[in-house]
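> Given next are the chains, with one letter for each unit.
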Amino acid sequence: MANDTRTTKNAGTVTRRDFLGSSASVGAAAAAGLVAQAASTNANAAADAKSKPAIRPPDEMKTRDEAIKPANFPMDGAQVFAKFCKDEGLAALFCCPGNYPIINAIAAEGIPTYGGRTEGSMCSAADAFSRVTGEIAACSGTEGPGFTNMIMNIGCANAARTPLLVLASNMTISGDDTERRIQQAYQQPTTEGLKKYGKRLIDPSRIYEYSAYAFRQLKTGVPRPVHLDFPGEVTRARFKEPGELQFYYDKTRYRTESKPHPSPADIRKAVEMIGKAQRPMIVASTGVFYSKAWDALKAAAEKNDIAIVESGPSRGHFSDGHPLSASVAPDAMLSADLVVLVGQYCMPSIGEFAFGPETKYIRVDPDPTDIGRNLPIDLGIVSCEKAALEALADALPNRRRPQWVEELAKARKAFEAENEEYYQLGLKYSKDTKLLHPAVIGRELSDFLYAKDLPKEQTTIAMGGYGIARYVRRYARAFRPGQICNGAYQYGAIGPDVAYTFGTAVAVQNGVGPQKAYKGAPVIGVTGDAGFAYSGMELETFSKYKVPAVIILYNNNAWGVYTSGRSPRAMHMYLFQENLRYDKVAEGLGARGEYVTTPEEFRAALVRSYDIAAKQGVTTLLNCQAKKEFWSQGTYPPGMVRNVEPGCMSYNH
Amino acid sequence: MLNRHLAAAFATAMVCMTASLDAADSPLIESKAAAKNGKATYLRLCQYCHGVDGKAHENIDFQATNLTELEGWKRGTQPQQIFNSIKNGAGDDMPAFKTKATDDEIWQLVAFILSIGPEDRRPKND
Numbered sequence: 212m213a214n215d216t217r218t219t220k221n222a223g224t225v226t227r228r229d230f231l232g233s234s235a236s237v238g239a240a241a242a243a244g245l246v247a248q249a250a251s252t253n254a255n256a257a258a259d260a261k262s263k264p265a266i267r268p269p270d271e272m273k274t275r276d277e278a279i280k281p282a283n284f285p286m287d288g289a290q291v292f293a294k295f296c297k298d299e300g301l302a303a304l305f306c307c308p309g310n311y312p313i314i315n316a317i318a319a320e321g322i323p324t325y326g327g328r329t330e331g332s333m334c335s336a337a338d339a340f341s342r343v344t345g346e347i348a349a350c351s352g353t354e355g356p357g358f359t360n361m362i363m364n365i366g367c368a369n370a371a372r373t374p375l376l377v378l379a380s381n382m383t384i385s386g387d388d389t390e391r392r393i394q395q396a397y398q399q400p401t402t403e404g405l406k407k408y409g410k411r412l413i414d415p416s417r418i419y420e421y422s423a424y425a426f427r428q429l430k431t432g433v434p435r436p437v438h439l440d441f442p443g444e445v446t447r448a449r450f451k452e453p454g455e456l457q458f459y460y461d462k463t464r465y466r467t468e469s470k471p472h473p474s475p476a477d478i479r480k481a482v483e484m485i486g487k488a489q490r491p492m493i494v495a496s497t498g499v500f501y502s503k504a505w506d507a508l509k510a511a512a513e514k515n516d517i518a519i520v521e522s523g524p525s526r527g528h529f530s531d532g533h534p535l536s537a538s539v540a541p542d543a544m545l546s547a548d549l550v551v552l553v554g555q556y557c558m559p560s561i562g563e564f565a566f567g568p569e570t571k572y573i574r575v576d577p578d579p580t581d582i583g584r585n586l587p588i589d590l591g592i593v594s595c596e597k598a599a600l601e602a603l604a605d606a607l608p609n610r611r612r613p614q615w616v617e618e619l620a621k622a623r624k625a626f627e628a629e630n631e632e633y634y635q636l637g638l639k640y641s642k643d644t645k646l647l648h649p650a651v652i653g654r655e656l657s658d659f660l661y662a663k664d665l666p667k668e669q670t671t672i673a674m675g676g677y678g679i680a681r682y683v684r685r686y687a688r689a690f691r692p693g694q695i696c697n698g699a700y701q702y703g704a705i706g707p708d709v710a711y712t713f714g715t716a717v718a719v720q721n722g723v724g725p726q727k728a729y730k731g732a733p734v735i736g737v738t739g740d741a742g743f744a745y746s747g748m749e750l751e752t753f754s755k756y757k758v759p760a761v762i763i764l765y766n767n768n769a770w771g772v773y774t775s776g777r778s779p780r781a782m783h784m785y786l787f788q789e790n791l792r793y794d795k796v797a798e799g800l801g802a803r804g805e806y807v808t809t810p811e812e813f814r815a816a817l818v819r820s821y822d823i824a825a826k827q828g829v830t831t832l833l834n835c836q837a838k839k840e841f842w843s844q845g846t847y848p849p850g851m852v853r854n855v856e857p858g859c860m861s862y863n864h
Numbered sequence: 022m023l024n025r026h027l028a029a030a031f032a033t034a035m036v037c038m039t040a041s042l043d044a045a046d047s048p049l050i051e052s053k054a055a056a057k058n059g060k061a062t063y064l065r066l067c068q069y070c071h072g073v074d075g076k077a078h079e080n081i082d083f084q085a086t087n088l089t090e091l092e093g094w095k096r097g098t099q100p101q102q103i104f105n106s107i108k109n110g111a112g113d114d115m116p117a118f119k120t121k122a123t124d125d126e127i128w129q130l131v132a133f134i135l136s137i138g139p140e141d142r143r144p145k146n147d
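In order, the protein sequence lines correspond to chains A and B.
Using the numbering used here, read the first sequence as starting at 212 and increasing by one per residue.
Using the numbering used here, read the second sequence as starting at 22 and increasing by one per residue.
If you are wondering where the hints come from, they were derived from the structure by calculation, not from laboratory data.
Keep in mind the model is a prediction, meaning the values are calculated, not measured.
Within a straight-line C-alpha distance of at most 25 angstroms, the following computed BS3-like cross-link-like pairs (lysine-lysine) qualify:
1) Lys108/B to Lys621/A
2) Lys470/A to Lys509/A
3) Lys119/B to Lys639/A
Residues of chain B placed beyond 12 angstroms of chain A at every Cβ, according to the derived structure:
4) Ser52
5) Asp125
6) Ser136
7) Gly138
8) Asp141
Not close to chain B: a few residues of chain A, all C-beta gaps over 12 angstroms, as computed:
9) Asp605
10) Gln614
11) Asp643
12) Arg780
Heads up, the beta-carbon is just placed ideally off N, CA and C, and yes, glycines get one too.
Let's have the full structure, built from the sequences with the hints guiding it.
So, in structure tokens, the structure goes:
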């Protein structure tokens with residue numbers, strides 16, 4: 212560990228009790244510990260302390276703990292909106308300054324708020340927060356540049372079907388089209404195709420009504436981003452009493468909690484089809500997570516010995532450790548004769564999922580307009596996922612399928628054998644090159660998280676990167692809901708990785724939804740050197756808020772697609788300078804950094820960094836030096852490993 | 022006896038007609054049924070990079086080969102060469118599939134790949 216004086220002497224693994232204790236003490240000592248944090252989080256600053264000012268969080272961080280001040284009439288438009296969000300259970304806001312009345316009012320209501328370095332990253336942090344909690348989060352930015360900085364990230368959330376509330380200020384109604392002052396942009400057309408619903412609010416008296424429009428969309432059916440933009444006349448309008456607001460009804464009257472339930476005839480037909488099948492499999496996807504249907508899923512699977520394979524932007528709603536899990540059994544897919552797609556919002560086309568050509572399909576989805584798209588169905592069931600799985604669990608007969616269960620076990624064993632083969636190759640390549648092969652990173656991480664002292668359900672991973680993810684996905688496991696945020700899912704963006712890790716870490720730090728039992732635990736982030744450029748500055752946000760994580764950066768000096776640089780004159784466009792010190796960037800932003808090049812160094816640094824994250828709330832960037840040629844199957848087979856979907860390797864669908 | 026001679030002559034003629042078939046090539050590459058079976062394997066193993074239609078227009082990972090045109094094939098266009106590329110991998114990007122498919126499945130795959138290429142290379146036998 213170069214130039215780092217902060218190595219903990221008693222570095223070792225940390226149990227849940229350790230981190231819960233440390234979390235509590237961190238909270239209690241938050242104010243007093245700021246100076247200590249500064250000293251412990253930046254070695255270079257410590258070394259230069261005599262002559263240069265040290266990196267430290269602002270004193271104002273203390274004021275986050277001040278009493279909540281909920282607004283009451285008379286209120287301005289922003290306060291009406293913020294109060295509405297609080298009442299609807301908005302779980303967090305991630306933003307950059309701009310849209311001042313709204314973000315200030317949301318903070319005043321006591322909704323957890325976080326300010327980061329770019330609007331796009333904050334948008335992705337909110338996205339990841341939802342992906343690992345199932346709850347609604349918001350992002351916000353200023354008009355024009357702040358808003359357009361979020362576009363790629365809104366695209367990611369849209370592809371992942373995240374219930375993301377996108378907020379932005381947008382000049383004034385009176386100034387429309389004039390280019391008066393600066394930052395004018397037509398926001399709603401810009402998010403066309405990237406959202407479920409959007410509205411520029413132009414009538415101040417309807418701000419409550421349109422808030423209801425927004426949350427109806429966010430809380431029903433298939434989720435996607437909702438985008439509201441606020442002109443100044445709306446956020447600053449004054450309302451003395453409720454009568455001045457249109458459609459001012461309680462949430463029990465402006466929306467319903469009722470969900471679509473399956474028809475009994477459809478369930479009878481599904482039970483009949485499952486009964487005839489020898490090797491039935493459920494693809495448990497996005498809708499299973501958001502409808503919190505994991506108990507119903509398990510009940511249905513266990514009653515009839517139905518295999519379960521996961522897909523989607525988050526993993527863990529069916530444990531990889533269950534004997535019926537096919538998420539780490541890719542060879543089993545081909546032999547499934549009946550597949551029940553549940554909540555598979557992002558539909559694959561024929562051939563994209565590794566099922567056989569004769570496989571029959573049942574699709575369960577709350578949206579009838581999507582059933583039958585891309586993949587011909589044998590039965591479509593319009594229903595909330597949870598309701599359908601509960602109905603199936605009730606209606607299915609008890610049945611054991613020992614042969615199928617044995618096939619699943621064999622397929623899992625074959626996958627583990629393949630992973631072991633890659634690991635052994637990786638060790639050899641690492642030894643030969645004195646650089647870290649990605650299979651070694653994946654396997655060593657897996658051993659640390661699941662095979663040693665940590666409870667295997669404890670650590671949540673924000674899975675990112677490009678080539679590195681192809682390997683780490685094979686070794687990462689999910690044993691409970693929301694344990695893996697599948698970063699690049701569907702939109703294929705690698706840039707938000709550090710931001711995804713931040714949103715994931717905030718969710719765990721606050722113990723939201725399925726993260727409750729692991730409140731305060733450090734999270735793991737995975738990224739590559741290409742992806743890091745887009746959201747790496749958020750390491751500063753980790754440090755500012757003392758949100759603990761260990762971020763693994765795979766540094767192979769190139770874009771993951773470098774093999775496409777076929778002509779000698781083109782190759783330079785695919786490459787970076789070699790051996791860049793991203794770890795020093797981390798140190799410069801108030802986090803820790805370590806630079807590792809061998810399996811032994813990686814192993815020790817992982818243990819040390821996790822320990823420091825758990826005990827001190829300090830995030831570390833592990834800069835893992837590799838080489839681009841590890842992606843060449845000709846030179847270092849298997850090179851860029853193949854994806855098989857659905858299952859643990861899924862990220863297309 | 023005459024019929025037996027005719028049959029032998031017919032068989033010889035058939036071999037001559039399929040002159041592109043090397044001695045090591047499998048007869049499966051001339052079979053439409055094999056090509057149909059090969060499509061299932063193709064969808065499972067190949068379409069991720071080469072696309073559902075073989076044109077590789079949608080691969081964002083790297084520039085995979087367009088299997089419907091012979092230009093740009095870097096490891097040879099003959100059936101045995103295609104077989105070898107599938108079985109043992111090719112170049113930086115194409116992995117080996119020898120543990121994912123049997124030799125017969127790979128030959129069926131070759132038949133399918135020929136079936137989406139130029140007319141004169143397509144399997145002819147029912």
